[in-house]
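Chemist: Below are the chains, spelled out letter by letter.
Number of protein chains: 4
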Amino acid sequence: MVTSLPKPTTTGARRRPLRVAMVGHAFMGRAHSNALRQANRFFDLPYEVVAQVVVGRDAARVEAARKKFGFEEGSTDLAAVLARDDIDLVDVATPNDTHASIALAALKANKHVMCEKPLALSVVEARKMVAAAAKAKRHVGVWHNYRRCPAASLAQRMIARGDLGAVRQVRAVYLQDWLSSAETPWSWRNDKAVCGSGAHGDLNAHLIDMTRFLTGLEFEAVCGVEQTYTKKRKDGDGKPRLVDVDDAFAFLARFAGGAIGTFESTRVAPGRKNHNRIEVSGEKGSIAWNLERMNELEVFRFDEPRDGQGFRTVMCMDGVHPYAANWWPDGHILGYEHTFVHTLADFVRSLDSALRFRPDFEDGLAVQAVLEAAQKSTASGRWQTVKN
Amino acid sequence: MVTSLPKPTTTGARRRPLRVAMVGHAFMGRAHSNALRQANRFFDLPYEVVAQVVVGRDAARVEAARKKFGFEEGSTDLAAVLARDDIDLVDVATPNDTHASIALAALKANKHVMCEKPLALSVVEARKMVAAAAKAKRHVGVWHNYRRCPAASLAQRMIARGDLGAVRQVRAVYLQDWLSSAETPWSWRNDKAVCGSGAHGDLNAHLIDMTRFLTGLEFEAVCGVEQTYTKKRKDGDGKPRLVDVDDAFAFLARFAGGAIGTFESTRVAPGRKNHNRIEVSGEKGSIAWNLERMNELEVFRFDEPRDGQGFRTVMCMDGVHPYAANWWPDGHILGYEHTFVHTLADFVRSLDSALRFRPDFEDGLAVQAVLEAAQKSTASGRWQTVKN
Amino acid sequence: MVTSLPKPTTTGARRRPLRVAMVGHAFMGRAHSNALRQANRFFDLPYEVVAQVVVGRDAARVEAARKKFGFEEGSTDLAAVLARDDIDLVDVATPNDTHASIALAALKANKHVMCEKPLALSVVEARKMVAAAAKAKRHVGVWHNYRRCPAASLAQRMIARGDLGAVRQVRAVYLQDWLSSAETPWSWRNDKAVCGSGAHGDLNAHLIDMTRFLTGLEFEAVCGVEQTYTKKRKDGDGKPRLVDVDDAFAFLARFAGGAIGTFESTRVAPGRKNHNRIEVSGEKGSIAWNLERMNELEVFRFDEPRDGQGFRTVMCMDGVHPYAANWWPDGHILGYEHTFVHTLADFVRSLDSALRFRPDFEDGLAVQAVLEAAQKSTASGRWQTVKN
Amino acid sequence: MVTSLPKPTTTGARRRPLRVAMVGHAFMGRAHSNALRQANRFFDLPYEVVAQVVVGRDAARVEAARKKFGFEEGSTDLAAVLARDDIDLVDVATPNDTHASIALAALKANKHVMCEKPLALSVVEARKMVAAAAKAKRHVGVWHNYRRCPAASLAQRMIARGDLGAVRQVRAVYLQDWLSSAETPWSWRNDKAVCGSGAHGDLNAHLIDMTRFLTGLEFEAVCGVEQTYTKKRKDGDGKPRLVDVDDAFAFLARFAGGAIGTFESTRVAPGRKNHNRIEVSGEKGSIAWNLERMNELEVFRFDEPRDGQGFRTVMCMDGVHPYAANWWPDGHILGYEHTFVHTLADFVRSLDSALRFRPDFEDGLAVQAVLEAAQKSTASGRWQTVKN
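Chains as they are written, first to last, in this note's numbering: chain A, 9 to 396; chain B, 9 to 396; chain C, 9 to 396; chain D, 9 to 396.
These are computed hints drawn from the structure, not numbers from a lab. In this text, all values refer to a predicted model and were calculated from it rather than measured experimentally. Think of the CB as a built atom: it goes at the ideal place given N, C-alpha and C, for glycine as much as any other residue. Among the hints, a few may not be true.
Estimated spans, in silico, between C-beta atoms of each pair [stated by the list, open to error]:
id : chain 1 : residue 1 : chain 2 : residue 2 : range
1  : C       : Gly173    : B       : Glu71     : 45 to 55 Å
2  : D       : Lys239    : A       : Asp52     : 33 to 43 Å
3  : C       : Arg92     : B       : Asp66     : 40 to 50 Å
4  : B       : Ala88     : C       : Phe35     : 56 to 66 Å
5  : A       : Arg69     : D       : Arg169    : 31 to 41 Å
6  : D       : Ala201    : C       : Lys200    : 42 to 52 Å
Next comes chain A alone, as it looks inside the complex (with noise of 0.2 Å):
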């Protein structure tokens, strides 16, 4: 891979900025902003990231957002800021339906692209999005955060050197609880047009892009289930609005070279507020990861002696642990979004090497091939072959 930035000169030398356009300012918007801010106070990297520009469609939201998040400037002409020549990366924080035609559309303008996940509604459109990026020549990357926590990407370490032998089974959930009462007001994540899916589309893709980041492995088919417990809520205006898309969303998987998994995610069940829980078991081995828990990975080997085996809870803020040196003493714990920050610091510090950044378009594709493939299956009663 190829970017024509300049070489950066990071001694001596003041470092060259980069600029970003970031679209979008809800909850993703000050998730990506954060990480815009701190990259460079916390790792050495071969730019120094300027949050340039943010992008919406209303004046007055896009200035709040502007101060807020700290950026030199607000725009809700998207066009023209694709268009200005002091732009090199933008970044899209919109909603789920948008992701699509923004990045095309950087992409076109030869901007370097963060997306946020998942890529896009439809396997088409994310073809057409990694065939884009392919033609641009540009750095891409889907803003699939979990793989940077230290715990996650340890784990990743872990299996990718052998310490759990082959991989045979996975099992992940991704459970919260917002929508359990019937009270909970209906909002975009309700709207199939708008999502695509519920629970799948926000939550699976998180668990679909954790296995194949961690395991390595290929899905090769799915089956899945899923359930809407209330059909209709009221918006903000007491209107009653129909919910078309799932409250639970449940699948297995057949994976390439012979394992196996099973998949949940849901907004219904109660207690759980972000209980994104996987668990790998090789060979000769097995770890275990909580988003609540971020912060710990457990860990089981067989080679340890018999009398003192047993799941070791390993607190990944040691300076031998990723990401960990940058940060905090030992055992000084981080959060949610330090993941964006070790994202975001990867992702430009590809821009300066031949390193391809992951995960890119193909790896959002390959997420997005699962997921539509396990809605046919609860369509059609049976298993169906996932095709990128």
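Since chain A is already given, all that's left is putting chains B, C and D on it; use the hints.
Modeler: For chains B, C and D alone, coordinates are given in the frame of chain A:
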């Protein structure tokens, strides 16, 4: 239901004996015989249980078992034992492929019957057993012992009284690791002819029964996936033998009324020794339970003050908890074998009452029907309806 | 050490009986008698334990206990029982203030003696018991049952073989909550004349014995603080009674060789039912154990790869763990009462060997000496040297 | 309390800047400067915090810190910085032995002051600082950051509103392991002249402040024990240096009103990285908190239905929890550095209000008084009264 045993008089007079013949004396025989010895020591029961005769094939091993387990007599002649008038209850503790024939013979001989799980190797067999029990008007039960772990009984009580509202989702796993290594020798548990299946019949049977017990829901349709990672193992003599049962078996379920569930059993999850865990999500709350910490129940309910909501770890050894008052003071925990003592105590109580002992053969049949539908689905690649 | 019992022949011939007289039949009597019944069922022992006679003051209650606990006989005449030739072992399961007199009488009658903890109400009493035991050349033991929880025994093995290096720190708490409410009625456990102290003698006694067992260290000096929050309670008849023992008692300790420790016992820690927890830190590692999850041992060691270091949760029910192979398959947990079975089994084994059974009366005296020095320190306001 | 800063106008007009000079730029400087940058991004504050100037001794290191931490200027001349009119707040982030002199100089120069903990090296010094702050009528604070971990703030709220009833017992430990190995090099943290003490001043200071914060209780008397296991360590140049501070320090406490507590800090507890754990038992309930899982609070209360009582794990990232609404959706956890952001945000808010910011220098003095009394007790071998 009717029992022909005379009403016991528990005050003043000595309790009438309940003489038991136990068939089989391996691991399960050890657990059952402990229950026979202990039940009257910790529970006030209408009969005095007598461990009368242990039955097996090999005279020497029967005698060793007799001594170790504290039976009055040993026998290698099942027919002769069944013909005796003084035997009230036959306890079937043999391998799976003989459950049906022994239980049918015992019912024919007009004995009460307690049978190890799974009830049978097939739905067809199980149906015959249900019919025979109905005809014999004897008390019958299945040793699904985990129902009577205090924490599981408490969970059932909470769900039944509406603490969680309508049940929406079940997630259940039974994870073990003793077949992880290809060096673990072949045994009858790897032999389909004896067991019917691998982790599926052995462990999923527990999950299915527990789900029905806790939620009161009936399985409507299932769809599964199974895998055998080690296809050949050496037996005790070093001879290579085919493994024709699953190492791991997962399935999705739809329940009557709209709830859904995920189920997985495996013997190849390193670090998981006896990780039989079930989580039930309802409209208003959730419970979670794990056999490895069997004295604890996790409970979440929305109806507490919002800033103090969270999963509670209930130590189920307070006098108000099921079975707890019969044992030790608060917080003095119970173990695996106590679940058998509770099962027997409740069975013996039922002999003297109009209460139907659960799980009985109908429950055993229901489990068998789910197991069989799931197996069918792995062959067909599609959802299968569950038919008792 | 010598035992006068004839060598048992365990093969071919029938085991010689070991007839036991148990004095007392309340909570502890229940636990002890269970051990008497179970030991031979799960352990190969040189003698067949016979629950011969239960001794108490009230004939009716003795008879009820006899039936419930499965003794051959009941008696209200301790002297007569001690005078019998066929009684081999006297088990003292009475309240604290009678331990010394009964044990001394039993030794005088040439019986082996197992005594409930605490051994005595004072160091002076305890010294007499040690002397009597030495003179009688009988086997004596104290029911510090938690030593023989598999996880605790495993911890002792690990420390003894040097897994942690030199022990530096001990932190031990025994937290209960049954006296939190001022409404909890007065009982003999609030009466200094019967108990000697409150949480201190009842619970700190366990912590002191466990510390000596696990670490092999001897207490050198201690300094404590105690508090009684509810000074009066109503007894069963509604009559107000003075509480003259501690609700909570904490103390610091210095050990021979330089290690230090913190100890706390309380009956007023809401939510803690039987939270007997000890953590030992050594040069190279740590262990932590909690009775409420008594089947698990937490183990940390520096000698693992640094990026995978963490506390391991060892499920102590693998065949390689102490006592585990005598019970159930991997991961099938044990409960409170098993610790008594293990204690008795080891005591019975010691009768047939040159091995000194531990804890014996010298160990009981050592515990008493620490308890007493700690009590002295709360009066004096300064550190007190521990003197056996 | 009065502040001379003009009232800010937060609507319409631009916020007035609050210019900060930070003295020191090591680990604590990193944490403080992050707070300076982040506070206005996540909190609506009456002033716009400006990271104006970082002050240190070495020009090159100051310049590196300036760039890394995002300050406008760097300086090696503290006096000159204090003489400037545009500096509003001096943030003391230097080693312990310089806190007093810098804070006193800043107050003399009429600046607001935030000071790292411990406030001073002695009670005498701390009293001077309290007096100077009172005279200067400036706002002062101590960076006891853990008070403002959401879970700790929630615990304080619960105790203050009476959820636990009267507090009876506190058990607090702060366990680390980085000095376990004799190979860990000597540093200023092993030097009494710089630190005053070892684990005691570094870690017990946190426990003492947290206890006062959570319970509102004042320490009355203390008695301690300390130990240094490794008396010599090599410094960075391989030169042997004396360790004249404690590796571990434990003490007992009596509080005004009758509560008691145990406290322990250590740097030699293998496996414990940043295990800052406190448990408070009251008449009616308990709370427990651990910095290593800082987003969770354990809460027990007797007033729930008895069969469902247990410790609840409250995930403190719901909008109703302290500080949580300023960050991310439910269950998206925070990390170590957020506690500094919260501390600064509250301090900045206090500048514009009549509210006394806590912890201030009087709180810092109170901590110092307990630390000093405990040190006295290890020398005297007896309890010491705490005197502010």
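Chemist: Tell me the numbers of any earlier hints that the structure contravenes, in ascending order.
Modeler: Violated hint (a single one): 4; every other hint is consistent with the structure.
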